[in-house]
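Note that the protein sequences, when read in sequence, are chains A and B. Those letters in the first sequence? Residues 1 to 969, per the UniProt record's numbering, in order. Those letters in the second sequence? Residues 1 to 969, per the UniProt record's numbering, in order.
The hints are simulated quantities; they were obtained by calculation from the structure and are not laboratory data.
It does not matter which identical chain is used: a pair holds within one copy or between any two.
With a straight-line Cα cutoff of 30 Å, these simulated DSSO-like cross-link-like pairs (lysine-lysine) come out:
hint	residue 1	residue 2
1	Lys130	Lys833
2	Lys318	Lys249
3	Lys833	Lys190
4	Lys302	Lys755
5	Lys755	Lys833
6	Lys833	Lys310
7	Lys50	Lys302
8	Lys249	Lys130
9	Lys249	Lys833
10	Lys496	Lys713
11	Lys624	Lys713
12	Lys302	Lys708
13	Lys585	Lys570
14	Lys302	Lys833
15	Lys609	Lys651
16	Lys620	Lys713
17	Lys520	Lys826
18	Lys569	Lys585
19	Lys369	Lys711
20	Lys755	Lys713
21	Lys620	Lys833
22	Lys612	Lys185
23	Lys355	Lys708
Number of protein chains: 2
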Amino acid sequence: GVHLRETMNVLSPAAERLRHILGEDDSTPTPTLFTEMDTLQHEGGELEWKESARWVKFEEKVEEGGERWSKPHVSTLTLHSLFELRTCLQTGSILLDLEGYSLPQIVGESTDGLIPPDLKEKISFVLLRKHRHQTKKPIHRSLADIGKSSNAASSKFMLCGSFTDPAQSRSMNDISDTPSTDQLKNKFMKKIPRDAEASNVLIGEVDFLEKPFVSFVRLAQATTLGGLTEVPVPTRFLFILLGPHGKTKSYNEIGRAIATLMVDDLFSDVAYKARDRDDLIAGVDEFLDEVIVLPPGEWDPKIRIEPPKKVPSAEMRKSVLNLNELGQMNGSAGGAAGGEDEELPAPHELGEELKFTGRFAGGLWLDIKRKIPWYCSDIYDGFHIQSISAVLFIYLGCITNAITFGGLLGDATDNYQGVMESFLGTALAGTVFCVFGGQPLIILSSTGPILIFEKLLYEFSKSNDIDYMELRLWIGLHSCLQCFLLVVSDASYIIKYMTRFTEEGFSSLISFIFISDAIKKMYYPINRGFKPDYITAYKCECIPLQSSVNGDVALNFNLTDLDWSQLSKKECVKYGGALVGNSCKYVPDLALMSFILFFGTYSMTVSLKKFKFSRYFPTKVRQKLISDFSIFMSIMSFVGLDMLMGLDTPKLIVPTEFKPTRSDRGWLVMPFGKNPWWWYLASSVPALLVTILIFMDQQISAVIVNRKENKLKKGCGYHLDLFWVGVLMAVCSFMGLPWYVAATVISIAHIDSLKMESESSAPGEQPQFLGVREQRLTGILVFVLTGLSVFLAPVLQFIPMPVLYGVFLYMGVASLSGIQFWERIKLYLMPAKHQPDFSFLRHVPLRRVHLFTLVQIVCLAVLWILKSTFLAIIFPVMILGLLVVRKLLDLIFSQHDLAWLDDILPDKDKKKKEDDKTKKKERKAVEPESDEEVREIWTNMKLNSSLPSTHTQTRILFSPKFANLISWY
Amino acid sequence: GVHLRETMNVLSPAAERLRHILGEDDSTPTPTLFTEMDTLQHEGGELEWKESARWVKFEEKVEEGGERWSKPHVSTLTLHSLFELRTCLQTGSILLDLEGYSLPQIVGESTDGLIPPDLKEKISFVLLRKHRHQTKKPIHRSLADIGKSSNAASSKFMLCGSFTDPAQSRSMNDISDTPSTDQLKNKFMKKIPRDAEASNVLIGEVDFLEKPFVSFVRLAQATTLGGLTEVPVPTRFLFILLGPHGKTKSYNEIGRAIATLMVDDLFSDVAYKARDRDDLIAGVDEFLDEVIVLPPGEWDPKIRIEPPKKVPSAEMRKSVLNLNELGQMNGSAGGAAGGEDEELPAPHELGEELKFTGRFAGGLWLDIKRKIPWYCSDIYDGFHIQSISAVLFIYLGCITNAITFGGLLGDATDNYQGVMESFLGTALAGTVFCVFGGQPLIILSSTGPILIFEKLLYEFSKSNDIDYMELRLWIGLHSCLQCFLLVVSDASYIIKYMTRFTEEGFSSLISFIFISDAIKKMYYPINRGFKPDYITAYKCECIPLQSSVNGDVALNFNLTDLDWSQLSKKECVKYGGALVGNSCKYVPDLALMSFILFFGTYSMTVSLKKFKFSRYFPTKVRQKLISDFSIFMSIMSFVGLDMLMGLDTPKLIVPTEFKPTRSDRGWLVMPFGKNPWWWYLASSVPALLVTILIFMDQQISAVIVNRKENKLKKGCGYHLDLFWVGVLMAVCSFMGLPWYVAATVISIAHIDSLKMESESSAPGEQPQFLGVREQRLTGILVFVLTGLSVFLAPVLQFIPMPVLYGVFLYMGVASLSGIQFWERIKLYLMPAKHQPDFSFLRHVPLRRVHLFTLVQIVCLAVLWILKSTFLAIIFPVMILGLLVVRKLLDLIFSQHDLAWLDDILPDKDKKKKEDDKTKKKERKAVEPESDEEVREIWTNMKLNSSLPSTHTQTRILFSPKFANLISWY
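Chain A with its partners taken away, still in its complex shape:
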């Protein structure tokens, strides 16, 4: 007969039944089930039940020989066993909502009336034998071993679990109502959710049965049945299969099948809510309808499949049974590889933070409103061990940065701003920003463009006889004002146009600069032509210069008395001597030692970070100790190595006194008096450059920090951030401190060091990335520590600079990892067949991907070249150039490709949807399409895998009653 059913609203009988029972009271979630499978064993002439496997979500098998649990793995079943199980449920005794309080009573009721009384007694006897769980030491092996070798040394090992031990033989030999101490002490309890209930599967071979005895029992109330279960979890379900001898393997497979079903999200729901036998069988049928089948010739059943990173959620699977989504889903249920053609990446969402409010300071107001409720949690969320490692890491990064930039600024401004100002400014600006800012995960720092600006400004002031500090103050004030204007006008909304293209381009470039700066710092001269044989010719002598004797150096003692050869290098220079000799400019071993410290710190940090994925040590140690503190441990190791070698490597020297680097300036800059009045107005022009510079640098770093991949939950505050950056501009200008703006690389490092992963719950479940520990505490601590570094100088002076540049290198490289641009560059070197299975590669032709990457590389190269010229000052402005390039890409690439490789620009968003629609129509030209709204197509894209058709169609029907498997004719 031909079965005609409409695709839209017809379910298979099994699904129909399930929808009915599951739909009844969807509000009460059923408890998680822990399933234990015990098999009947003959040990030394006695019968006992021995645990052979358990399931929380995945299967763990008892490895008899190894006396251990196997790794959690996906239960691979045979179709055979599932069909046999189905038969068992069809023919066995099914007792639903049995009022059970003890095992004997339950056993009694389940055997009632089904089998002859003599068999009933025997079955009860078997079922009431004691249970041996895997937590206990085995008996048979040790006894056997002792018999074989009565060696004293070994028997000590094995006697610990013999029959005579009273603690062992207590459990379940008779009925015990309370769980044994073994059960209560079982550490496995941690892995089981609090509300869990147990289902027990008992499988055994007996000699008195001619045909199998099967019973499926659901108790009305979950009851703790003594030593039945490994853990003190109350039992809700019992599945008993006893059969005649000779079919152990087959019985075991049936047991594994029911156990796997019991932990299946959907079937366990069915089991809890089933009203009769047919409901259970419908559950099995639905399970069968969804199973994934591997062909026997392409897979070895002996391979234990590792649990996947992600499994389909129970909700998604249940929703298949809901009518409203049925039309879309039914066709694709279980479709292994089909339908991804229609998938589209989730659109780029910047959220309401960047909406243009149109009101005065509307964005700022929203930012404050958004952040205030989080303020308390911003503090107490910081109390975590992970914060310590993050603080140490970022602190070291910050002071290295402060010293580097401080030194450079000092050179550029004749010490008007030196290392001391740099430390103080970093501490002040950072603390204020972390306390009040919109995104406290952002770390403020001096940046390259600001440095170049200051340098040019100082040169200009000097050559034009203008007071540098006063001019700088006015520029700062104007810039602050301009920032406020940008804040109140919600100007930050233009960041919406920053797509992955811009973000990744910018952050890669900054990372490259970071890396190249770190490497450049490593240059020390090496005496390359050194010949050990001519060691006698290598010297460096101090020789008095004729000129210096007659020179203007005022000497208070007679120079001729001086033993010039005894002077040290410094003294020689001081007294006007000249250093003559071929070894003067070299410090032996310095260059190579620095290289070893630099590269060693970097490699050790990388290795320790990777150690997280190794198999050694318990997860806690690996994760919390070694991986989180990898940077600290590397620094300590190489500081130790440096001390051990005793070489004069450059060290981290921080100022030890609170006073301005130049003695002729104070801590406050006066706004008036030194320059002509019109400079107060004219300074608004250079201020504009500074503002653009700061705006771009700040906001793009914020975009990178707020990336959706980071799963931030507390929202961001672009307007609030900019407001505080503006305020700090003014404050720093008044105090004559450097200006601060978000530092991309260190902020990314901050985020990375605060990433959270879920503790894996069920054995085998993969930990998920949960998000970032969003709080203000680490940032505040970092900057308070920076301020206190003046007092930490005695400790810090042991740290060699190469070690810190190694940390810089790590930061730079780490911030590159995981960005798609980098992955795409690697694709150039890979033959197509070895390329990883990136989703964009499934949807965009490789040559288009390569073209897109090439455009990015060219952009970066151009920026890199510009950066090396005087144009470096407008570097952040060049990001605007990237935005233009991105806009032009719309002409070269289809929106489909860009959706995969980049994000759709806001105004293209709507256009894209229309495109899609047209394309869809093109492809399914012969298929009528309902006149749905464009919006709906976009959001339902994933569900719309096969659009509903109004045709009356022949449907290939998969009847769960295998008896009448359909014929079409």
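Go by the hints and put chain B onto chain A.
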């Protein structure tokens, strides 16, 4: 009804049927099938067939968006689609052995009589549309793209595959009998076996059909049907499914199901040999019976499963259908995780090479008989690119060794044996051994124990006024004689007692010594207290000593005229000056540069070796170039770095002239004349020590080289090896050259550098380790080159020694990798749940594994300590101690555990089997066991997973007719 069937000799009807058809003519293997699935597409209003997936063994899907092939993956099917396919085969038209020569004719015949003529015409029209294969550029995307952006730069990319291209539109628009050029040029042909035939799956939706049209065609002769298939492979099977609109996904899944079946080893056999529809359906049923099922809640069907390393062989699967093995196998067919309890590791097989023949020189005779047939292939098997890298690698190892030992021997014997002798001896002994030896993969070299023996012997001779060279000659002659005695008496058979325990202990120890020697060589002093400020104080001056002026140094010019400060270090020493100063003993940067060269060479070699497993570059480049030549490339890089730095690192200096190191000795040692006659006899006592030393060293290295893991095919020759080592003892003694014996670490490196892997054939199939390129050429070349090194001196002198020690370090570490002992040591650091799934862990309790490892560690520690004392001379003899320890382990460990962790000792072998039997009986106490022979139990262990029972049992019957799925009652 209850189905009662005996386990032993009853098959399911499907299996019965298959056994019948497959058993008919098992001798002719069926060709491999290449399957291509094409789906009907509407492109620009025209219908065409588009390739959507292909199978050689695993599935490769066309990724439409990406315009690429997916990675080969395991086909995950839905049960649904398999049942639907079954229905298709039940109801569709099945044409077996159709005489087809062209597609129109085949299409005509397959539609004959089944459907109305008007439909037939339409179906023919659809089926004869042209086929577009994935090799061609797509049309729709490029056109769409051009329409969207008429940008010149991009359209250049996309025009290359438009409709107007005549080459494109030719294929299959009409019937073409010859394959198109596209087909012939397809490189994929390489991946398909030569004898392959194609099966084509055509899946389409059409609007004129009310119900699906299904046809399965087998042609009597495989015929090339023009452009039907991507590659010019003749088509044997056609599966056509055309149906009404709206079920694309379902149709595609059915297509994937039949395609997967067609490449299944078992089903393709069935398809070739099927006599009627029911045979095909039986094939499907058998396939269903074997499939592996993954529960929907534990696996995401979207995950593409990587092809496994190993799949069950077709033979194994077919054998299930054979009656004789049926009883054992039937129960476990598809048993995913069951039954490994009975598995036992394959027993240690040393083969007939070590049988005690009992005849005079019986073993030697057998060795020669065994090796002679391989002699020609031993030469021509060497002609391979891999040999070049192996020769370079081993050559560098050998000369480094020759120089190291030559230097040490020279020191120990006052240059009676120096570097020159070492080179000559290595070249001579190595060449002779590689030309005539039993196992030419073994590399001869001086070893530590010999060195210590020579040292002691020289000291003894010197203090007792005995001629060293003559005494040494007589010891060598006696030792040679003793070796011959050992050879003719087949004494090597005792090696059978060397189990993994001894082997791994010995090779680990040798590796540790190798590593520690390499590291020790890296010590150079560093001027640790150097303060750059006091650079003026660092100098090294040459000062004339008072004594030297009056001393016995004959000077032919006036010393007072000498400008002492202008002398170099060497001159200063020559003229008797003293070097005074605090920088005299240091060479700046030398220590660190050496460290960088040493560690750099090592790390680069390791990284390049690992590069094989990366995704970059085509497999050929990675494997043949980068990985195989990794050592050469690392050496070159660091030689380059060294030259660039220009530092005076120690270089490899080989002698440049053929003359004995000492001028007072010649190339021949006379046996008589210098020592009293009784020394000629007495020397047999020390010779005994040398013999034991050589015997143990040689044979255990041979055992390690001949390990079964190395899969050597040409057999070994322990007796022959020992014979030649004896001969060389005598020859070297006569020529005054060092003695040579097998060098464990270098021999392992030799083996490693000659390992072969299969070229992967079907996409996704893992390359298998095939064995070692066994030949004599590489060895011979290595030693000939060593002999010629005297002429290579100008090139070799650029190689710094630290680089070569880096290679040594690599050799030492590499020879440790992959041995089980090392893996077990790592287990100490791993929590049980993270431990890898080693099979021995499944069967032996962890504490026993740890105990076993601990014993090994203690043994090694003791040996290490002894080695550091004067006992080092009897070091190889201590291996005998290891054998004793191993024997004692039998008392502590059960034979079961030892079988997994080690090997069973020969005499325990039989005992073990009996043990097993008893154990078996114990476990299956209630089960009667047939009285089989012990031998049979051992060999059939894997098959005996469920022993046949004589009971008449109820069998849970899996009927392939799902209609009457069994009830037991």
